[in-house]
Amino acid sequence: MSHSGPDVSRPLSPHLQVFRPLITMIMSIVHRVTGAALYFGTILVAWWLVGAASGPAYFDFVNGFFGSFLGRLILFGYTWALVHHLLGGIRHFVWDVGNGFEPETADKMAWANIIGSVILTILIWVVGYAVR
Amino acid sequence: MSGQDFRTPLGKVRGLGSAKEGTGHFVRQRLTGLANVPLILAFIFILIATSGDSHGDVVATLSHPLVAAIMLAVILSGVIHMRLGMQVIIEDYVQGEAAKLVCLAGNTLFAVAIGILSIWAILKISFGG
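Here the protein sequences line up with chains A and B, keeping their order.
Residue 132, in this note's numbering, is where the first sequence stops; the numbers in between run on with no holes.
Residue 129, in this note's numbering, is where the second sequence stops; the numbers in between run on with no holes.
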């Protein structure tokens, strides 16, 4: 491969900053960000399971963290990321089988993704508190 | 598309394409994603059901064969799915072959570590260790 020096200026293709943000584009980015967040969030799942396997004293410590204000805030965010990524995944399945490519439909699905994720997250927490 | 097919007969039979990996990554990502839909819903249900429970009650719930099987499936399908997803993120953003290789190796080790820790915990609880 031939190497060009750094002094050679080449035209760059337009990138993110030249485009008006579209809801489908934002939801695509959010899908990736929530996926990455869930990736590191699995540490919490493993911690909870290991805590339960380790005995009552350590489990109470783990539960104490999850029950604190910060713990609940993290779990609320985790719930939203999980639901958003799950709904986003379903949106991708619709595309994978060849449907929903019309701009209006794609926009509607993107809005359904964000609105649905907020509603379902609140619903899960309402049910969670109601059954306790 | 028309014109000449430049693939060799062997390449055509292997069907792996220029990335040398075929559709394996794509298919596994979709398959685990599909499995994750009911599994994650069941996982949320289990978490709601055990929230606020004492250690004894949580262990009793998790050691139920159906709950333990669902949790094992959640972990297994989850770590495979997340490893594939993070692989794409690394391949997209990490510049330089050495850094990329290190990140890809770290990705696999992280997914394996989370998987082993979680599965060990579920089995220990199930078998009443």
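Read the hints as simulated data drawn from the structure, not as lab findings.
Even glycine gets a Cβ: it sits at the ideal position worked out from N, Cα and C.
Take these hints with a grain of salt, some might be off.
What the hints assert, rightly or not - Partner residues aside, some chain B positions facing chain A, computed with beta carbon under 10 Å:
hint, residue
1, Arg28
2, Leu76
3, Ser77
4, Met82
5, Arg83
6, Met86
7, Asp92
8, Val94
9, Gly96
10, Ala98
Results of checking the hints against the structure:
The closest approach between the C-beta of Arg28 (chain B) and any C-beta of chain A is roughly 14 Å, which is over the 10 Å cut-off, so the hint fails. Interface restraint check for Leu76 (chain B): the shortest CB-CB distance to chain A comes to about 12 Å, outside 10 Å, so the restraint is violated. Because the smallest distance between the Cβ of Ser77 (chain B) and any Cβ of chain A comes to about 12 Å, over 10 Å, the interface hint for this residue is violated. Interface restraint check: Met82 (chain B) against chain A, minimum CB-CB distance 5 Å, threshold 10 Å, status holds.
Of the supplied interface hints, the one on Arg83 (chain B) holds, with its beta-carbon coming within about 9 Å of a beta-carbon of chain A, less than 10 Å. Using the Cβ-Cβ criterion of 10 Å, the hint placing Met86 (chain B) at the interface with chain A is satisfied: the shortest such distance is roughly 5 Å. The criterion of a C-beta within 10 Å of any C-beta in chain A is met by Asp92 (chain B), whose closest approach is roughly 9 Å, and the hint holds. For Val94 (chain B), the suggested interface contact is broken, since its CB lies about 13 Å from the closest CB of chain A, more than 10 Å.
A distance limit of 10 Å between C-beta atoms decides the matter here; for Gly96 (chain B) the minimum to chain A is near 15 Å, and the interface restraint is violated. Nearest Cβ of chain A to the Cβ of Ala98 (chain B): about 18 Å, over the 10 Å cut. The hint is violated.
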